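Enquirer: Okay, here's what each chain looks like letter by letter:
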Amino acid sequence: MTEHEEALLILNAWEGFHARFLESWAGMGLGPEEVLSAGNTLWEEIGLPEKCRVLATRLRDSGWAGRESEKAALLGTRLVFWEAPGYPGGMTDLPKPPAVLYARGKWPLPERMDAVVGTRRCSPYGSRIAREVASLLAGSMVCVVSGGALGIDAAAHAGALEAGGATLAVLGTGVDLVYPAEHGKLFSRIAEGGALLSEFPLSTPSRAWRFPRRNRLIAALAGRLVVIEAPVKSGAIVTARLAMEIGREVWTVPGRIDEWGCKGSNALLWDGAQPLVEPGDLVRLDGPSQGSLFKESDANGNSSPVLEALRVFGDQTVDILASQVKMGAADILVELSRMEAFGLVRRSLSGRWSAVLR
Amino acid sequence: MGTVIGVTLKGIEAVPIDIEVEITGGLFVIAVVGLPDAAVKEARERVRAALRANGVLLRGRIALNLAPADLPKVGSLLDLPMAVGMAVESGAAAVDAPSLFLGELAMDGRLRATKGAVPAALLARKMNVPLFLPPENAREVSLVKGVRAFAVPDLGALLAHLRGETPLSPLEEAGVETVDPPAEPDLSDIKGQSGAKRALEIAAAGHHNLLLVGSPGSGKTMLARALRGILPPLTDEERLETLLVRSTLGMRTRNDRTRPYRVVHHTASTIALCGGGASLRPGEISLAHRGVLFLDEFAEFHRDLLEALRQPLEDGSITVSRASGSVTYPARVLLVCACNPCPCGYWGDPLEPCRCPAHVLERYRNRISGPILDRIDLHVSVPRLTPEELVCLEGQHGPSSGEIRDRVSMARQIQQERWKKEGFLSNAEIPERLVRTGIRLAGDVRPFLAQAARSMRLSGRGISRVLKVARTVADLRGNPDVRVEDVCEALAYRGGALANDRT
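Residue numbers (the numbering used here), protein chains in the order written: chain V, 1 to 358; chain D, 359 to 861.
Certain hints may be false.
[Said to hold, decoys possible] DEER-style ranges, computed between Cβ atoms:
(1) G343/V x G760/D: 32 to 42 Å
(2) G16/V x R733/D: 53 to 63 Å
(3) R207/V x R713/D: 14 to 24 Å
[Claimed, not checked] Example chain V residues on the side facing chain D (calculated, C-beta under 7 Å, incomplete):
(4) A322
(5) A330
(6) R338
(7) A341
(8) G351
Treat the hints as calculated values from the structure; they're not laboratory data. Nothing here was measured: the structure is a model prediction, and the numbers come from that model. Beta carbons: idealized from backbone N, C-alpha and C, even for Gly.
Given the sequences, and given the hints that come with them, work out the whole structure.
Expert: Structure below.
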């Protein structure tokens, strides 16, 4: 490890640090190694805050950088430095790009990356769509980026892995930690079929403020961002806003207007997000298919009044179906289960059923 | 065995106790040997006073042996045989043939009710001896067929009977009244929820365990209460089994075929639920034998309490073992559990948003779904309806509880007929082996089941659960073989009711 890299690693340990500092120092003719080895006087001159100065002195004098890079090597983690080969180009669009990235797993990953994000408390519908969208993207050789959280994120990673594609989880902790704890298995699968990425030093624990910071990396890495189910106040909306600010394409899956978990993602439509009405549009080269209404045909010839009612009225309970198609509850349940076995209908939330559009 | 026989209880079993009395000269004293407990020892005073009140004066040294000597004797039900033994020894009466006596004495010689009259009656029937018992216990004993029993108002009357002066007349066997169980609420009064109502019908018909999941106010508890009104009547054999448990605790018995329905609060202790304590008394699960055990707010129950339910749910009986011995009680219950879909209760609710963080949902789901859910055949979502949907259902009435009960009873009879040889009374009881061999499937069921197992990711246990339920559905429809439509309906009660449920 060069002196330059060592200095970057140490400076990056202070969470306020970003690559724009380096650019302004370069203007003064200073490299990070020179800054680090200089004393307090210079630091005060260039306006490094107290916290950073104390931390940098301690880490520099205790030989922390050497140990950190050894630890990273043992974990199979690559350190990716600002302006070095392997540093993702998209990051430069950020106002405060990270100076060092820790990449655990395969690196570099395919150039084309799309992000799939959404709430942790998703509906079964949301998690299914996330999975399907991610498999579709992975199938067309796009690397799927997400945040490694519960809910939509987990479904997106799993979908990409199932399709045999690459996926990247951008974490708000050190790459050697597993948060949330139940994702141990998922993370090791991601490290095999893709990578875990973080700008935080190893063993950095999870804190609430680190996740919005992490979200800017997702926005920067992705060429396109797909938001699936996000309430108004959520990380996914933060990511979408950042992505729009740096000129990324944002897509959103329109949800039911009375559902709490869809309010934010629906609101994005006003802000210029593309509605994702047909998942295939994401991988179609000639742009979104429009005017495709009224062409849907029932290929299976598997038409029943129950299915028709579900298609027309959406989510329904057995009671409502029974009163609409004038059948007994037992017969309705028979029909629903039969169609479920053939993948024509699905259970949605608590006792409701919905048709699967194909 | 001598002629004067008493009983002591060991669980739901009555054990005969031989009463031997010897009276010799000397200072007046009554000595009782043969491991009497405090209640039996104190019987000396009650017995002496009662005999004296009826003109039998005791003199000298009286030794009383309760055989077998190494078995602990419990409770006051030995008062009467002790008194009769002393009366016989002092020449005030004679007992020619072996007879069973049961009852607690008042000081003036009246008889008070005791526990264990039904086990004693069964013993008397087995030993083919007459039974003398307190009048308050006459009602329950009259429900047992083939017992020669006499209700004894007081000691004087018994002695007169034994001397042949004024013979008592034997109890008449009471016919069982066919009283319809209370249908409160009646199923036709509950608006909507036709899916859940159908699940109740299947649960009642096949004695399948049932899980109801729904938001607060969706009507879970009401539905569970309505189950009471559609349970099939007890058979003679089943009635006797339930009578036995109740009699062991000295509880009042009803003269009809209504199934037990026990509601357990989540603060209940393991002993209250499963039985135990110093006297090895039966718990709620045994009191609910052949009937319903209802656990409302299932998620609030302690984990170890639910774990304790696993084995009895599997075996249909529970063995209570303590330092003082071990007793096996019957515990074939229809378990009904009700819980919210998530901690705040509004997961998936159309009106109210759920406010639970993701990890809380995960923890909740892990807490509930444990091995106990595997033993529940029917999982049902009880959706809360929006006001618009309620209006849409206005004026529609489903079948009444009475109609459903008739269908359920019919289906239960078919099951009892089918499993008679194996000794089972309902589809839910049959073991894995019989599921594979005893359930006849129509020709096209196997390929369909294979398809469903693939697309719904059913496990082996899942498939046999579905088959058992499908058998009950077929019985309700009157199909001799299980058809595809029956399997389809059974699949609808498979799972997916809880928040984040991945099944």
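Enquirer: Against each hint, give a clear statement of whether it holds in the structure.
Expert: For each hint, the structure was consulted:
no.	hint	result
1	G343/V x G760/D: 32 to 42 Å	holds, 40 Å
2	G16/V x R733/D: 53 to 63 Å	holds, 56 Å
3	R207/V x R713/D: 14 to 24 Å	holds, 23 Å
4	A322	holds, 6 Å
5	A330	holds, 5 Å
6	R338	holds, 5 Å
7	A341	holds, 4 Å
8	G351	holds, 3 Å
When each numbered hint is compared with the structure, no violation occurs for any of them.
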